[in-house]
Amino acid sequence: GENVEQHPSTLSVQEGDSAVIKCTYSDSASNYFPWYKQELGKGPQLIIDIRSNVGEKKDQRIAVTLNKTAKHFSLHITETQPEDSAVYFCAAHSLGNDMRFGAGTRLTVKP
Amino acid sequence: DTEVTQTPKHLVMGMTNKKSLKCEQHMGHRAMYWYKQKAKKPPELMFVYSYEKLSINESVPSRFSPECPNSSLLNLHLHALQPEDSALYLCASSLGRMEIQQFFGPGTRLTVL
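For the record, the sequence lines run as chains A and B.
Letter by letter, the first sequence follows residues 846 to 956 of this note's numbering.
Letter by letter, the second sequence follows residues 1151 to 1263 of this note's numbering.
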């Protein structure tokens, strides 16, 4: 089955800096890659996703890149703000299977 | 209405109690999911309902019993739980089983004494 690895497990940046979180997946049939943000005491919130026919997607300060050959995808947050502090989960999904999540990255943005 | 709601927010129960968790969505989604999340871990899939029929049960103990009364509602009945079942229980929904964009509710924080 699918195995998703996520790095780093913790990330601390200064406000205004960029943050990058990386994930790798094992199943070459995976074709959908969402990113979720989970704040303390809340459920995961879908913040951006990308499908396998696209290499990059951007939404304001957030972007996701996908390298199908290398089987890895990354979340990029620019101009970070304290409210970006949360746990971020990547996931991978292939048709007929269910989503597999990475272990999560705790991002802290220091003011 | 673009959200998934869950009740209660918090639940404390003894090992002999019977309780239920409820989930509701009015987005017209036909697939609904139960996940269990332990502290500092990712969500783990428990059950999937597609068009009100159970399609996946990820080897969950029988003390957890899901129910999907209609396309908008999902319940999780709890009976004779163990302290290790304490976790955040998350409900999610998607347009269909093959429509993979899932939206999560806020979760129910369950504590088993």
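Careful, some of the hints might be misleading.
[Said to hold, decoys possible] Covered stretches of chain A, as calculated for chain B (at least 3 residues, CB under 8 Å):
id	segment
1	874-888
2	937-949
[What the hints assert, rightly or not] List of simulated lysine to any residue pairs, SDA-like, C-alpha gap at most 20 Å:
id	chain 1	residue 1	chain 2	residue 2
3	A	K887	B	Y1201
4	B	K1190	A	S863
5	A	K887	B	L1161
6	B	K1159	A	E884
Simulated from the structure, these hints should not be mistaken for laboratory data.
It should be emphasised that the depicted structure is a prediction, and the values quoted were computed from it without experimental measurement.
Glycine is no exception: its CB is placed at the ideal position from the N, C-alpha and C atoms.
Here's how the hints hold up against the structure:
1. 874-888: holds (count 6)
2. 937-949: holds (count 8)
3. A:K887 - B:Y1201: Since the Cα atoms of K887 of chain A and Y1201 of chain B sit roughly 27 Å apart, the hinted pair is violated (cutoff 20 Å).
4. B:K1190 - A:S863: With a Cα-Cα distance of about 24 Å, the restraint between K1190 of chain B and S863 of chain A is violated, given a limit of 20 Å.
5. A:K887 - B:L1161: Holds: K887 of chain A and L1161 of chain B sit about 15 Å apart, inside 20 Å.
6. B:K1159 - A:E884: 15 Å, holds
Comparing the model with each earlier hint shows violations of hints 3, 4; every other hint is respected.
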